[in-house]
Every structure is written in C-alpha cells, then in structure tokens.
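> Using the sequences and the hints given, assemble the complete structure.
Chains as they are written, first to last, in numbering that gives the first Met the number 0: chain A, 0 to 151; chain B, 0 to 429.
Don't read these hints as lab results, they were simulated from the structure. Please note: incorrect hints may appear among the correct ones.
[Stated by the list, open to error] Under the rule of at most 30 Å between Cα atoms (straight-line distance), these lysine-lysine pairs were calculated in the DSS-like manner:
| hint | chain 1 | residue 1 | chain 2 | residue 2 |
| --- | --- | --- | --- | --- |
| 1 | A | Lys118 | B | Lys199 |
| 2 | A | Lys7 | A | Lys117 |
| 3 | B | Lys224 | A | Lys7 |
| 4 | B | Lys339 | A | Lys117 |
[Claimed, not checked] Facing chain B, a subset of chain A residues (Cβ under 10 Å, in silico):
| hint | residue |
| --- | --- |
| 5 | Ser1 |
| 6 | Leu2 |
| 7 | Asn142 |
Yeah, the Cβ is synthetic: ideal placement off N, Cα and C, and Gly gets one too.
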Amino acid sequence: MSLDDLYKEVILDHYQHPRNRGVLEDPDVATRGHNPLCGDEILLAVKMDGDVIKDIAFGGRGCSISQASASMMTESVKGQPITEASTLAGGFKELMSGSGSTDGLGGNEDLESLQGVKKFPVRVKCALLPWTALLEIIGIWENAPGHAAKAS
Amino acid sequence: MSSTPARDGAGNNPLDVAAIREDFPILKRMVRDKPLIYLDNAATSQKPRQVVQALVDYYEQSNANIHRGIHTLAEEATELYESSRARTAKFIGASGPDEVVFTRNTTESLNLVACTWAAEHIGAGDEIVITTMEHHSNIVPWQWLVQRQGAVLKFIEVGENGQIDLADVERLVTPRTKLVSMMHMSNVLGTINPVKEVAKIAHGNGALMLVDGAQSVPHMPVDVKDLDCDFLAFSSHKMLGPTGIGVLWGRRELLLGMRPFLGGGEMIDIVERQTSTYNELPWKFEAGTPNIGDVIAFGAAVDYLSALGMDRIREHEVEITAYALEKIGGIPGVRILGPKDAHDRGGVVAFTMDDVHPHDLGQIVDYEGVAIRAGQHCCQVLSTSIGVPSSARASFYIYNTNEEVDALVVALEGARAMFAGEEVAAVVAR
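Listed below in structure tokens is the structure:
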C-alpha cells in the first residue's frame, strides 16, 4: 500500500479542477453534510426534471478525497434518474465499506479510482461525505409530497 | 522579544535528549519503513520504560484492592497508590495530598466541578466566563449547567495574535460572575494564557478560577499557590503517564464544602437505609475501585518529569518551538496559528498550507514516518471564531529534536510539491 494508491492522478485532477462546484440558483432540494472530526463540510443542491437530476452542484470545504469524491459523484449522477443515482450511491458505499467490489459502479473508471481509499480507514469517511449528502437529498425528494418513490 | 531562547538559567543545563530517547522504546520503531517521528504529543505523549515497568511491577507483585484488605498486598497497593497522590500534590505545589482527586481524565475533572461545586453555587442569572479557545471539555459541561440553572455563559474572544486581552477579562468578569474557567495553554494556538492575572480579576469579583492544565502541566512548571487558582485539572496521558488517569486539584476548603460526585463504595463513611455520610478528602470524590495500576504508573511519570526538572523541559520546548516556527513558517503558503514568539506559547505549532488540506498533509507526512494531528483539535468554537475550519498540528515533548522538525519540513514540502502537480512517485521517492 503506497501513497499513490490514495492520491491517484485522476483524484488530484478532480480536486484541483472540481466539476459542478458552485451554487445552484433556486434548487429543488439542498442539504448540508459535515464531518465534525475534521471540520469538513459539503453543501449539495439539485434541480430536478421529473425524476431526473437535471442539475447538481456542491460547495463547502474538504480534503482532496472528499472534494474529488464530490466532483466525481456530481458528474456521475447529473442527468440520471434518481433511482439510478440511488443505486450508484449504494454501489459506492459497497466499494468503501463492504466487499470493496467495484461491481456497483457501472464501469465508471473515475469512481473506481477511489478504490484505494478503502485501505485508509480514516479517509473512508471523507470519500463517503458527498454520497451521504446525496442519499439525504434522494430521501428528501422521495418523501416530498407528489414525488412518491418509484419501486426500484 | 527575540525568537532565540534564553541561554541563562536552565538553558545552561539543557536536557540530554539522546539519553531521554533511550527510555522510550517506541521511538525505535519504524512507520512505513521510516523511523517514527512522533509530533502528536498534545494528543498524547509516549511513555518511558519506567512508567511501563511500574505498571508491570504493580500487576506482577502488588496487585490488590486498596483501602480495604488487611493483607500485605492490600497494604502495599494502598501505599503505592497514596504515594502517587503525594508526589502529584508536591509536583503542583498543593497544600497536601488530600487536595488531589484522581479522575479518569481532564474532562472528568472538569465535569466533576460542574456537577458538584458549580451545580450548587451557580444559579439563575449568574455568569460563567470562558474563552473561545477552550477545548470542548471546557465548554459543554458549562453549556449544560447554564441551561439547567438559567445562568449565562460568556466568552472572552481571542485576538488576531492568538491571545486574550486582559481588558476584555476586566470587562466580562463582573460581580455576577461565579466562575472563570480557562485553559492554561491552548492545544491549537499554543498560547499561554495569563491565568494568574485572570485569577486576580476573578477573585476581585468574588468568582472562582478553574484552570484547565491539560497542556500546561506536562510542559512547564505549574504551581497552584503561585497561580492562586481554585481548581486545576489535568491528565496523566499527556505527561508520560498511562491513559485513564486525570487529576482534579482543588483548594481544601472548597473541596470540604462540596458534595460528592459519584456515589458508591469508598466515598462513604456511614451508610444507613435512607441516608449516608461521606468519607474524608480526597476519597469522598473517588467512588468505587479506582484505576489503581495506572495511578501508580502515573506516579512514575511524575518522578520522571520531576527528575528532569520542569523548567529545563520548558526551556527545551521553547527552543524547539522557536526552531519549528522559523522552519515551518518558512515553507511557502504556510500560515502558523497563534503567537509568533516561542516564549509566549507552548510546544504546539498548528498551521495551514495553501491548496493542501490538513487531512492530506497528515496523510502524506505519515508516509515519511511523521505523526502529526489534523482537524479541529476538539475546538470547534475556536475554529469558527478565527475562521480556520481545520489545521495541521505538530506538538513537541522532551524527546523531540530539531532534526525531527527538519524531517517534518521536508515531508511538508513534499506534500506541497505533490499538490502543485509534481509526480506523486517523485515525491514519495524522496
């Protein structure tokens, strides 16, 4: 296990050039997640078009792993039906906390690059922070009146 | 003031760091194929052989419950336990061993005061004054107390220089103030607070002064009579001793007037069906079988520090801190928190680096065998107040050297280069 298992080039690229970082005007759902241990914070907002995530943006602050994970997550779920986003979030949690399998990532190579994080237990929480926020957003959306969850 | 440490007094007789290092077996271990460089002493210190041996000796030779059995082992264990208390009392200049209460840690010591003295003496409209640099353990118990009692919690702000202003203390501490509680040395900023002067102001207003000595007692001479405080709390594990032992020192007349903390064995005198009377000081505050072995090992830690001399330890740390402030502060993009002069602070150097998150710094320097802390350091109020959500922190002790600071600086420069786009492999290979 070496340092470049963690700091892969694609991760540093997402950290230094984050995708979908910013503020969404008039979002349909927004949430704030934080990690009290390190002071990291994520602000996540989505605009929906029916059950599709039409637009998504994140803000806040965090380490390279949490920021890269947020960048990759937003890129992966933008334009996707919310059920797909939910499935992907499940796949990512499996990668971090379960079997470590990349099977649930649908061949998304950027996300697969975060596989090394699992070897650094303290950093798993960093990688999961944006996904936990996403799942919260999905929960809020599905429980909102008029947006009953579709069976998946 | 110059950043060069004074060369008079204790400076003529510096610590023999090489000899000290021989007493700490852990300093010989490798971390990720590099020699361990342990710079996380503000979190917990390493333990010398003498402390580990005291623990082993106790369990192998004298293990028994204290203050009860009439057999030889019980007498030995009691004698060893109470002897640790006596040496601790002497170490901080207490009037006697009966003023020293053993707890689990600094946090429990602070909670003890909150649940006993403060719960009885702080009522509706009364005020508690603390600072924004306090550790969560010196904030949360007071939040609970003021919520319960309808009292008010007031904060002394930290200035740009990382210090508090005595004029603010004068303004905030009033006859309504019942307690001023303040850390002696900040675990983030390193700041050494003027607790002696603050105690004067507190007493002038009829308030008590509690000093959180978790970071100061391990690193500099602390004498409760000189500080003229009312309570002092600190932990064994930050001063070469085992985890699981804290100390609460209190002025005898205060402790005598306080109700007990926890109820149970040892803390009682006579127990009847409906009521009980309580034991004498300090056992009134030590319900149940205490952590005997660790108290005894803590005594060995106190002996170790006493033999070195706290003034010499302080001198050593001023020197290494001045060196670290200069070297770490010289890295491009690094901003050091807290006072600029090593004489105004303890051996704690927290900093941020542009474009590299403290978590990443901690991870990368670990690959060079260097252990530092990253995060908020249990000081969220401070983080918010000074607008620094998290920082990396190197903290020093008796066994650290300038060469170790150099190794940290090389590792930090590696982290900077890596995030500036240099090949990871090239950085790791250094």
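> Does each hint hold? Answer for all of them.
Now the hints, each set against the structure:
{"no.": "1", "hint": "A:Lys118 - B:Lys199", "result": "53 Å, violated"}
{"no.": "2", "hint": "A:Lys7 - A:Lys117", "result": "13 Å, holds"}
{"no.": "3", "hint": "B:Lys224 - A:Lys7", "result": "57 Å, violated"}
{"no.": "4", "hint": "B:Lys339 - A:Lys117", "result": "39 Å, violated"}
{"no.": "5", "hint": "Ser1", "result": "7 Å, holds"}
{"no.": "6", "hint": "Leu2", "result": "5 Å, holds"}
{"no.": "7", "hint": "Asn142", "result": "30 Å, violated"}
The earlier numbered hints that this structure contradicts are 1, 3, 4 and 7.
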